[in-house]
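**Q** Chain by chain, the residues:
Protein chains: 2
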Amino acid sequence: MRPVPQRLNSADADFETRFRALLDGKRDASTDVSDRVREIIADVRARGDDALVALTKALDSLDVADAGALRVDPAVIARAWDEADPVTREALQTAHDRITSHHRRQVPKDDHYTDGIGVELGSRWTAVESVGLYVPGGTASYPSSVLMNAVPAKVAGVKRIVMVAPARQGILNPLVLAAAHLAGIDEIYTIGGAQAVAALAYGTTSIAPVVKIVGPGNAYVAEAKRQVFGRVGIDMIAGPSEILVIADADNDPAWIAADLLSQAEHDPSAQSILITESEAFADAVETEVERQLQSLPRVETARASWQDHGAVITVGSLEDEAPALTDRIAPEHLEIATEAPETISERISNAGAIFLGRHTPEVIGDYVGGSNHVLPTSRSARFSSGLSVLDFVKRTSILKLGPEQLKALAPAAMELARVESLDAHGRSVGIRVNLAEARER
Amino acid sequence: MRPVPQRLNSADADFETRFRALLDGKRDASTDVSDRVREIIADVRARGDDALVALTKALDSLDVADAGALRVDPAVIARAWDEADPVTREALQTAHDRITSHHRRQVPKDDHYTDGIGVELGSRWTAVESVGLYVPGGTASYPSSVLMNAVPAKVAGVKRIVMVAPARQGILNPLVLAAAHLAGIDEIYTIGGAQAVAALAYGTTSIAPVVKIVGPGNAYVAEAKRQVFGRVGIDMIAGPSEILVIADADNDPAWIAADLLSQAEHDPSAQSILITESEAFADAVETEVERQLQSLPRVETARASWQDHGAVITVGSLEDEAPALTDRIAPEHLEIATEAPETISERISNAGAIFLGRHTPEVIGDYVGGSNHVLPTSRSARFSSGLSVLDFVKRTSILKLGPEQLKALAPAAMELARVESLDAHGRSVGIRVNLAEARER
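For the protein sequence lines, the chains are H and U, in the order given. Under the working numbering, the residue at position 182 of the first sequence is numbered 182, and the numbers go up by one with no gaps. Under the working numbering, the residue at position 79 of the second sequence is numbered 79, and the numbers go up by one with no gaps.
Just so you know, the hints here were simulated from the structure itself, not pulled from any lab data. Hints are not guaranteed to be accurate.
As the list claims (entries may be wrong) - Chain H side only, calculated, beta carbon under 10 Å to chain U, not exhaustive: (1) A13; (2) E16; (3) R226; (4) G233; (5) S262; (6) S349; (7) F392; (8) H425.
For glycine and all other residues, C-beta sits at the position ideal for the given N, C-alpha and C.
Produce the complete structure using the sequences and hints provided.
**A** See below:
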């Protein structure tokens with residue numbers, strides 16, 4: 001069966017209606033797991049390690065004598081690195097080093113200054129004390145994601161990074177351990193699901209709690225992160241992956257087809273969209289997608305994604321029309337495969353990451369570009385950013401006045417306290433500047 | 001009745017137990033309003049303006065003929081400024097100008113560079129397109145909060161800022177309108193509660209949706225923000241206000257008492273904590289709190305807060321013990337009233353804002369210091385920051401490779417795609433560099 005992605009043309013009368021439907025289309029299979037997650041979290045809070053051991057046996061078929069056995073021996077982590085294929089190790093090292101270099105540029109600088117009337121103002125950045133990194137099990141267990149989550153935390157100066165990963169029947173991906181070793185992580189527990197998130201948020205006898213939890217996971221993990229938010233910080237709730245490719249007709253259709261499939265193979269809910277000026281080029285890309293699907297091991301996943309969520313949009317002019325459409329789509333990944341991609345890129349605000357030109361496939365950003373591959377999905381690039389060092393630091397405002405500065409600012413502060421009927425506020429200022437009215441109010 | 005705040009001494013044998021209980025104490029009255037909020041949001045999504053009109057009549061006793069009448073005439077907003085007391089206007093102007101100057105320093109800079117092998121990498125910041133600002137009704141309707149939320153959005157470059165505020169029986173605080181005018185807001189709707197949040201998130205015929213929603217509100221508003229999160233961005237969920245004062249015995253007890261009460265008067269759930277070295281000074285502050293309470297209009301609120309949630313902690317040495325205790329408390333506001341406050345401040349990581357020295361009452365930061373008064377509560381300063389320009393911008397990563405750079409990075413990217421079993425990923429790179437193995441895999 002030939003996959004049939006949606007085909008839209010911006011010149012059609014029904015374009016706006018169909019484009020809106022595309023934007024509003026739900027891709028997440030939203031099973032409501034909130035009650036079950038609430039139970040699991042309550043169980044871990046109440047019974048601690050005993051709950052972890054029981055849940056890990058029941059849900060991950062991993063039977064351990066006690067919670068101590070859930071920790072991966074640091075020697076095993078180091079050995080996973082030593083025993084990895086040297087070619088793989090070199091690739092991981094390249095990725096690690098490029099991610100590190102890029103993220104070092106993101107470390108925010110403190111700002112301390114004295115204003116015109118002598119008030120000292122400051123903004124001071126400090127690292128979050130501890131971070132829990134969730135790594136999914138099975139086929140979604142990616143060593144590259146370990147690096148993308150752990151390196152920014154390390155660069156930020158986070159002192160303790162704890163990894164949790166479900167090990168169904170005791171099996172952990174050795175390259176996930178190798179990547180952890182490379183990133184400097186030696187505290188790893190073979191736990192997963194909502195119980196792992198609960199243990200990280202609340203702590204148990206054998207696992208000290210963390211301050212923030214990051215990393216992707218299934219519906220249970222996502223819901224658990226939502227439920228513990230506030231007790232701890234969390235990163236974004238990741239949805240299925242997306243790519244938007246803006247390509248002119250001068251591209252090799254096979255290259256563009258490969259890029260569309262690189263997202264489609266992730267998940268049946270993933271979304272790949274092409275915007276182009278030429279119906280003929282669109283046809284050629286579709287034909288190539290079909291051809292390449294034949295030889296793809298993940299053919300079922302990629303075909304489902306392309307058929308159910310893929311779209312091909314033709315427009316009269318890429319430069320005139322693509323930026324506005326892109327801002328409405330707000331894609332996680334955007335490739336601009338044209339001769340002068342900057343002229344389009346400059347006019348786009350909403351995109352997690354932009355890949356410019358014909359020689360920058362998005363996959364480079366997944367692994368070795370240096371930028372982060374944890375990016376906002378489901379149109380959240382309209383209001384949020386990819387993972388960065390900023391996710392692992394927080395800012396403290398600092399203010400210092402002497403008697404002169406307080407005297408200068410007191411009247412305005414006391415007037416605002418007065419109109420807001422906050423008398424103790426006014427008094428806290430007035431009592432210091434000895435204004436007669438402070439006592440009266 | 002004399003209020004009795006908790007008294008702890010770090011030398012006592014049960015100190016750790018009692019300090020932990022203080023940290024874990026719940027102050028929020030957590031009524032579960034999630035089902036009602038879900039209904040309201042569904043109603044606004046289904047019926048749009050009709051639901052808004054009906055809910056505003058039922059919940060805010062404001063009866064309008066149609067949704068168009070829910071918008072405040074821009075001329076009314078401008079007039080509110082014109083008609084405000086000149087003294088109040090000057091105070092608002094001082095606050096506005098100082099907040100603007102300080103927040104301009106927070107605008108993040110784009111970063112664009114070419115690395116050693118010729119890869120172009122960039123981080124580009126753009127403003128969120130539109131923001132909804134929730135302003136509570138009644139006594140919690142503060143013009144200062146309008147400035148604290150709107151100014152950073154303006155400085156960030158947000159094009160459209162929409163304010164919503166419930167107007168029970170049609171009454172809006174004129175100084176909230178005046179502050180809105182000063183901040184450059186002319187789109188205001190007299191709606192509140194979960195229905196206002198729903199209208200901002202999903203839009204109705206008369207109100208275009210926004211991309212992000214900020215501002216404080218009651219339990220319904222907070223729950224509605226939680227429920228629409230993902231569809232739109234939200235700021236933090238604010239809890240009751242807090243202050244921690246670190247003060248040596250050389251302070252005037254009356255000044256410190258006034259500062260403790262300035263938080264306590266906000267809310268019976270607010271929390272004021274004093275850390276000092278001297279039991280005698282602690283006694284003197286408690287006596288002063290009692291004395292000042294007598295003449296405070298909000299005596300009931302402040303007394304409830306001080307009695308139920310206040311605490312006085314004595315330690316052997318402020319410099320040795322206060323920083324670690326403070327990092328565990330992670331207060332929203334921290335005053336350090338000592339001779340050399342920096343020596344303590346430097347060793348503290350977890351605090352929303354720090355006020356240094358005897359002449360910097362926290363209230364200055366509420367109004368005219370320049371820094372933001374929207375700060376992390378409920379220990380969330382361990383992982384989050386006060387409101388800033390960064391809350392109204394988002395970052396796009398940019399990557400550009402030429403054929404040479406792609407050739408250099410292809411082997412590592414393809415190796416990682418291989419070990420992650422993502423064949424279409426490998427192909428997307430391989431097809432461009434024409435490596436023979438790309439076709440084989």
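**Q** Hint by hint, say whether it matches the structure.
**A** Quick rundown of the hints versus the structure:
Nearest Cβ of chain U to the Cβ of H/A13: about 22 Å, over the 10 Å cut. The hint is violated. Interface hint status for H/E16: violated, as the beta-carbon distance to the closest one in chain U is roughly 15 Å, over 10 Å. The beta carbon of H/R226 is positioned within 10 Å of a beta carbon in chain U (closest approach about 8 Å), and the interface hint is therefore held. Restraint check, H/G233 versus chain U: the minimum CB separation of about 3 Å is within 10 Å; hint holds.
Taking 10 Å as the C-beta contact cut-off toward chain U, the hint placing H/S262 at the interface holds, the least distance being around 4 Å. The interface hint given for H/S349 is met, as the beta carbon of that residue sits about 4 Å from the closest beta carbon of chain U, less than 10 Å. Nearest Cβ of chain U to the Cβ of H/F392: about 9 Å, under the 10 Å cut. The hint holds. The interface hint given for H/H425 is met, as the beta carbon of that residue sits about 5 Å from the closest beta carbon of chain U, less than 10 Å.
Violated hints, listed in ascending order, are 1 and 2; each of the other numbered hints is respected by the structure.
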